[in-house]
Amino acid sequence: MKVFIDPPNSLVLFDLVERFGHEPLSTMAAIQERVDNIEVDMPPMNVTLDDVVKGLKYAGVEVPSGVRGRLALWGPLIDEADAAIIMDDCPYSFGCVGCERSNLMVKYLIKRRGIPALRVTYPENDEQAVNFVAQTKEFLEGLQ
Amino acid sequence: MSETRETRLFMISPRSTLTPDQLARMVHAYGAEALVKETCYGCLVEGPRELVLSIRDRVREGYPNEVFTKIRAYPSSDPRRCRAMHGTRPGYAQLEMEWELLARVQHGLDEVAKGARYVPPEEKKRIPVNDFKRICEVRR
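Protein sequences, first through last, are from chains Z and X. Quick note: the first sequence, position 110, residue 110 per the numbering used here, numbers continuous. Quick note: the second sequence, position 29, residue 1029 per the numbering used here, numbers continuous.
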């Protein structure tokens, strides 16, 4: 199954989803498509007109362009996802920093789609890490 | 996801005794026709998707809970990202944060492999008014 990860560039979540037998949907794959197939100078900093139009599907025209640009990448991934894992209470510089509104919007879009979503807390110590891994494993093994 | 090219990043957990040099040599020793680049955190492997996935599986067989991987959007040594070519490296702050977390995740994976299960944390309850009053009085 395709599992969307949030933060969408997380190594830990990407690795765990793959390890327990599912396909992670991440920012890296979305950017790789643009690097390989579209002649854009430096994605995701530079976008195409199509990206801007795609972003409009997920955020209104009055929303700042940065949010729309980010959602142009993540929105189609959320549409494609069968499940999602969201990490809460991350430190400031963990994940995609710069726009908390985009991160909130991603959580809202996942909720609106109604797909199974697991919310885990950023592990601060070894004990919490065991819980985090066990919880993620149980969730991923339960997906059919 | 691209089927033709996959660049994969292998990062070693700080709890592991494996070094990036050992990891890069080990991947070289598989004899696969993939590009391997040693980095400070582990190594980058680039090649056709099937080949890179087979390398990932072999690395996981040897070091199941010590080496973590994810794909990388830009090719290895891309001038827009490579430090040697003065490229920007916007993902590096994220990698540094993940590296700190990997030691804990490795411990978590080890314990789960031994049979640890998820235990829901105790819910925080509101403190009774009398207890709260007592605390306030002691502090006064």
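I should point out that these hints are in silico values taken from the structure, not numbers from a laboratory. Bear in mind the structure is a predicted one, so any value in this text is a computation, not a measurement. Ideal Cβ placement from N, Cα and C applies to all residues, glycine included. It is possible that part of the hints are untrue.
[To be verified] Which stretches of chain X does chain Z cover? Using the computed rule of at least three CB atoms under 8 Å from a CB of chain Z, they are:
id, stretch
1, 1024–1038
2, 1059–1073
3, 1089–1096
4, 1105–1111
Proximity test - 8 Å, beta-carbon atoms, the stretch 1024–1038 of chain X to chain Z, at least three hits = violated (count 0)
ask   = Taking 8 Å as the C-beta cutoff, is the stated coverage of the stretch 1089–1096 of chain X by chain Z satisfied by three or more residues?
value = holds (count 4)
query = Do three or more residues of the stretch 1105–1111 of chain X come closer than 8 Å to chain Z, measuring C-beta to C-beta?
reply = holds (count 5)
query = How does the coverage statement for the stretch 1059–1073 of chain X fare against chain Z, requiring three or more residues with Cβ below 8 Å from a Cβ of that chain?
reply = Our answer is that it holds, as 7 residues pass the Cβ test (under 8 Å) against chain Z, meeting three.
Hint 1 from the list above is the single one not met by this structure.
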